[in-house]
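For the sequence shown, position 159 matches number 159 in our numbering, and the numbering has no gaps at all.
The reader is advised that the hints may include incorrect statements.
To be verified - Derived CB-CB ranges, DEER-like: (1) Asn-65 / Gly-111: 23 to 29 Å; (2) Glu-143 / Gly-68: 41 to 47 Å; (3) Leu-142 / Arg-69: 30 to 36 Å; (4) Val-126 / Arg-49: 40 to 46 Å; (5) His-117 / Glu-43: 23 to 29 Å.
Hint data in this document are derived by calculation from the structure and do not stem from the laboratory.
Even glycine gets a Cβ: it sits at the ideal position worked out from N, Cα and C.
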Amino acid sequence: MITQSQETRSLAATKADGSGEIAYVAMKVGGQIFGLPINDVHEVFSVTRITPVPLAPPMVTGLINLRGRVVTAICLRTLLGLDETPGRQDRMAVGLESGGELFALLVDSVGDVMRFHASTLEPCPVHIGGVWRSVSHGVHRLETGILVILDLKRALGTMQRAA
Numbered sequence: 001m002i003t004q005s006q007e008t009r010s011l012a013a014t015k016a017d018g019s020g021e022i023a024y025v026a027m028k029v030g031g032q033i034f035g036l037p038i039n040d041v042h043e044v045f046s047v048t049r050i051t052p053v054p055l056a057p058p059m060v061t062g063l064i065n066l067r068g069r070v071v072t073a074i075c076l077r078t079l080l081g082l083d084e085t086p087g088r089q090d091r092m093a094v095g096l097e098s099g100g101e102l103f104a105l106l107v108d109s110v111g112d113v114m115r116f117h118a119s120t121l122e123p124c125p126v127h128i129g130g131v132w133r134s135v136s137h138g139v140h141r142l143e144t145g146i147l148v149i150l151d152l153k154r155a156l157g158t159m160q161r162a163a
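Full structure from sequences and hints, please.
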């Protein structure tokens, strides 16, 4: 039987380059720093206009026109069960592609690229539960907290199950 720790380290090792280092795009939502493997990120951009989609799941904020392509906007705050910041107009988005579809993951802010050795990826701490645990596959320790590593396939799967 494979433990979660072994599974997490195995996932990290498969995404690492030859040096064993993994690069993540850091983003902040509700005061927590999250990371997406840089290979999953197509671009980072500012969102100015979102067209609502009637009857869409709550985490689907709407559709964005990105250089002539229709992109589904997903609010990471809503997906994680956090309250929306009222009156917030300035949003950052992380452009992703999965299964041939484009997505914009709406976040509070986007930071730098952070690099960690694959061996430092740890399982989620016990205090991270529910949806947060289901959409992540581990954490890296920071001086002032943790970097929660999002698993894109799990996060999008959560969205589809909610539909």
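Distance restraint evaluation - Leu-142, Arg-69, Cβ atoms, bounds 30 to 36 Å: Given a distance of about 35 Å, which is inside 30 to 36 Å, the answer is holds.
CB of Glu-143 to CB of Gly-68, is that within 41 to 47 Å? holds (43 Å)
Taking 23 to 29 Å as the hint, is the beta-carbon distance of His-117 and Glu-43 inside that range? holds (26 Å)
Can you tell me whether the CB distance of Asn-65 to Gly-111 sits inside 23 to 29 Å? 26 Å Cβ-Cβ, so the 23 to 29 Å window holds.
Hint says 40 to 46 Å; check whether the CB-CB distance for Val-126 and Arg-49 agrees. holds (41 Å)
The structure agrees with every numbered hint stated previously.
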